[in-house]
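Top line first, the protein sequences correspond to chains A and B. Numbered per our numbering, the first sequence spans residues 1 to 347. Numbered per our numbering, the second sequence spans residues 1 to 347.
These are calculated hints, taken from the structure and not from any lab test. C-beta atoms are modelled at their ideal positions from N, C-alpha and C, and glycine is treated no differently. Heads up, some of the hints might be wrong.
Some residues of chain B that are not near chain A, with every Cβ distance over 10 Å (derived) [unchecked claim]:
no., residue
1, THR74
2, ASP79
3, ASP89
4, GLY113
5, LYS339
Simulated coverage check for chain B against chain A, where a stretch passes if three residues somewhere in it have a Cβ under 8 Å from a Cβ of chain A [unchecked claim]:
no., segment
6, 56-69
7, 93-99
8, 139-146
9, 277-286
What follows is a list of derived Cβ distance ranges for each label pair [unchecked claim]:
no., chain 1, residue 1, chain 2, residue 2, range
10, A, ARG170, B, ARG222, 40 to 46 Å
11, A, TYR7, B, LEU42, 52 to 58 Å
12, A, ASP232, B, ARG346, 46 to 52 Å
13, B, ARG285, A, GLU15, 29 to 35 Å
14, A, SER324, B, ARG285, 42 to 48 Å
15, B, ALA250, A, ASP11, 15 to 21 Å
Here's the letter readout for the chains.
Protein chains: 2
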Amino acid sequence: MRATLMYAAGDVRVEEVPDSVVKLPTDALVRITASAICGSDLWPYASLEPEAGPARVGHEFIGVVEETGPEVTTVKRGDLVVSPFAISDGTCEFCRAGLQTSCVHPEAGFWDGQPAEGAQAEAIRVPLADGTLVKLPDEPGPALIPSLLTLADVLGTGHHAAVVGGVSPRTRVTVVGDGAVGLLAVLSARRLGAEQIILMGRHPGRTSLGREFGATDIISARGAEGIAAVRDLAGGYGSDVVIEAVGTMAAYQQAVGIARPGGVISRVGVPQFEDAPVGWDSLFRHNIRLAGGPAPVRAYIAELMPDILNGTIEPGKVFDASASLDGVPIGYQDMADRKVLKVFIRP
Amino acid sequence: MRATLMYAAGDVRVEEVPDSVVKLPTDALVRITASAICGSDLWPYASLEPEAGPARVGHEFIGVVEETGPEVTTVKRGDLVVSPFAISDGTCEFCRAGLQTSCVHPEAGFWDGQPAEGAQAEAIRVPLADGTLVKLPDEPGPALIPSLLTLADVLGTGHHAAVVGGVSPRTRVTVVGDGAVGLLAVLSARRLGAEQIILMGRHPGRTSLGREFGATDIISARGAEGIAAVRDLAGGYGSDVVIEAVGTMAAYQQAVGIARPGGVISRVGVPQFEDAPVGWDSLFRHNIRLAGGPAPVRAYIAELMPDILNGTIEPGKVFDASASLDGVPIGYQDMADRKVLKVFIRP
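Could you build all of it, start to finish, from the sequences and the hints given here?
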């Protein structure tokens with residue numbers, strides 16, 4: 001079969017690899033029909049050392065179950081399924097609490113980092129298939145597939161940001177970052193009723209999609225000027241909820257500057273740093289809280305899927321380009337160059 | 001009148017100062033009848049540069065109103081009152097939301113840092129008296145005064161830690177730090193029904209008071225050993241809520257090590273650092289939240305005072321020493337030497 005391999009920063013190739021197969025009784029083998037390149041894939045694309053490669057990549061997919069191990073009970077051959085970006089057993093105490101990204105099963109973990117599997121490929125071995133995969137309706141129609149694919153990561157991640165930020169009809173929200181996750185955080189904040197949603201971004205195509213998703217205001221300024229503009233819009237003291245959907249220190253500092261006393265910074269961009277300001281001058285003085293982490297999207301699919309199926313939301317609009325597997329390397333470069341927002345892959 | 005002045009680290013003196021007087025129409029002048037030395041006073045006692053001194057000190061007091069400005073309406077001459085450690089107007093949007101420590105009035109702020117007033121003194125000018133002071137029952141009796149004095153800071157601060165940590169009957173709590181705030185965080189967690197309360201501390205007198213206040217377990221080990229012991233006790237993965245009541249980097253790291261995936265670190269010890277680990281390896285990977293800040297104790301007095309008056313709680317037990325104003329310098333040293341937990345001052 002063919003799969004995408006990242007050899008080093010800037011070096012993505014599609015090659016023949018050994019066929020994925022069922023190995024354990026709890027596995028499923030899925031023939032991938034839709035996949036994607038994620039904004040978070042751009043971090044290794046910018047920095048992967050050659051010694052760490054080649055790595056299998058991709059963590060968002062929809063596909064058809066081709067085979068299941070004898071212990072799999074919730075999906076069967078022929079089922080159309082979506083996979084969260086994390087593998088989880090569905091039974092441990094964290095899974096039961098809705099925090100599947102902290103599943104303690106030895107086979108649990110993220111698709112990123114699986115040595116022999118990746119979603120930018122023709123097929124994939126899914127460990128812990130019962131806990132990981134979610135069955136989709138049999139024939140949702142091709143128009144719904146991009147939106148359903150966002151259940152694998154970016155919609156659930158935007159929703160997670162809004163949920164752990166405590167977004168409600170009474171909250172003013174600012175979203176830092178106009179990538180797919182930031183835009184779907186806007187959609188999620190709107191879905192949860194936020195009265196004000198300020199999107200910080202400067203890419204016109206993205207911010208106009210942000211408006212479509214529910215942003216009430218767009219701020220293109222950054223730094224001190226951007227902070228002042230947001231505080232002005234948000235009643236003078238900042239936003240109740242700041243969703244940080246980038247992961248850089250600059251975005252973190254922007255979030256700190258924007259958060260209202262007693263407010264919360266909800267992070268879903270994977271931090272590209274370990275230490276950050278949290279002391280008296282940044283968070284402590286005004287009781288600003290810090291929340292977020294990898295989204296347990298598995299926990300949110302049951303709530304979000306009906307809204308996609310009935311047309312209430314159309315998160316698949318974040319895909320503004322598509323490619324076959326052969327087009328994946330160019331897709332990476334186009335996303336890195338910010339020529340396109342998010343690439344939909346038809347393997 | 002006489003007041004305490006901190007000249008530099010280790011150099012506390014009680015001297016004659018100009019009498020405090022009513023200056024603004026919203027002021028009250030209070031004759032102080034009970035005050036205290038706070039664990040947080042030990043930070044400047046350890047580090048104040050001579051150029052920054054002499055500073056008026058003390059931020060916890062009960063006293064009798066001696067005079068009020070013409071605009072003061074909620075307290076009057078002769079009233080027994082308690083003051084939170086923060087001055088607030090009671091009317092701004094943050095005060096109305098119960099975050100009086102972020103009051104935006106120009107005269108609002110902390111007692112610490114007021115250039116000409118301090119609570120370790122015979123009298124004090126209270127700005128924004130209506131928003132700041134809370135009237136106590138006329139004659140609570142001397143036995144209740146130490147407990148009522150804890151409403152000024154340490155009880156409200158322990159309660160804040162428990163509240164922003166989300167303590168409920170279903171939560172397992174660990175408290176890092178056996179100072180007065182840590183012990184009253186134990187009491188507060190118990191009051192809110194926490195099923196397990198682990199106190200990390202190694203001073204036998206303090207930890208036994210912790211048990212009296214409701215700690216179910218005591219861990220004296222620190223570092224990796226302490227973390228392992230707590231995780232063991234708390235079901236293997238750590239505590240739902242970790243209350244960090246110290247403020248050092250060591251205590252922060254302890255808290256990170258103890259927090260359960262999806263849990264919260266609730267900080268009320270003033271951080272002695274600005275940058276700290278918050279990235280993938282510390283908080284982000286397992287969706288651990290960071291909360292806390294200066295406690296808006298003004299917001300909690302109405303809820304906590306009845307429990308003191310009816311004897312349900314006796315937070316005044318944290319006072320294990322008392323002194324006149326003359327004894328304040330020795331009180332500082334005794335607290336710094338950990339000979340005593342907290343000094344009650346009768347000016």
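Structure-based check of each hint:
no. : hint                                : result
1   : THR74                               : 24 Å, holds
2   : ASP79                               : 30 Å, holds
3   : ASP89                               : 14 Å, holds
4   : GLY113                              : 12 Å, holds
5   : LYS339                              : 29 Å, holds
6   : 56-69                               : violated (count 0)
7   : 93-99                               : holds (count 4)
8   : 139-146                             : violated (count 0)
9   : 277-286                             : holds (count 10)
10  : ARG170(A) <-> ARG222(B): 40 to 46 Å : 42 Å, holds
11  : TYR7(A) <-> LEU42(B): 52 to 58 Å    : 56 Å, holds
12  : ASP232(A) <-> ARG346(B): 46 to 52 Å : 50 Å, holds
13  : ARG285(B) <-> GLU15(A): 29 to 35 Å  : 31 Å, holds
14  : SER324(A) <-> ARG285(B): 42 to 48 Å : 34 Å, violated
15  : ALA250(B) <-> ASP11(A): 15 to 21 Å  : 43 Å, violated
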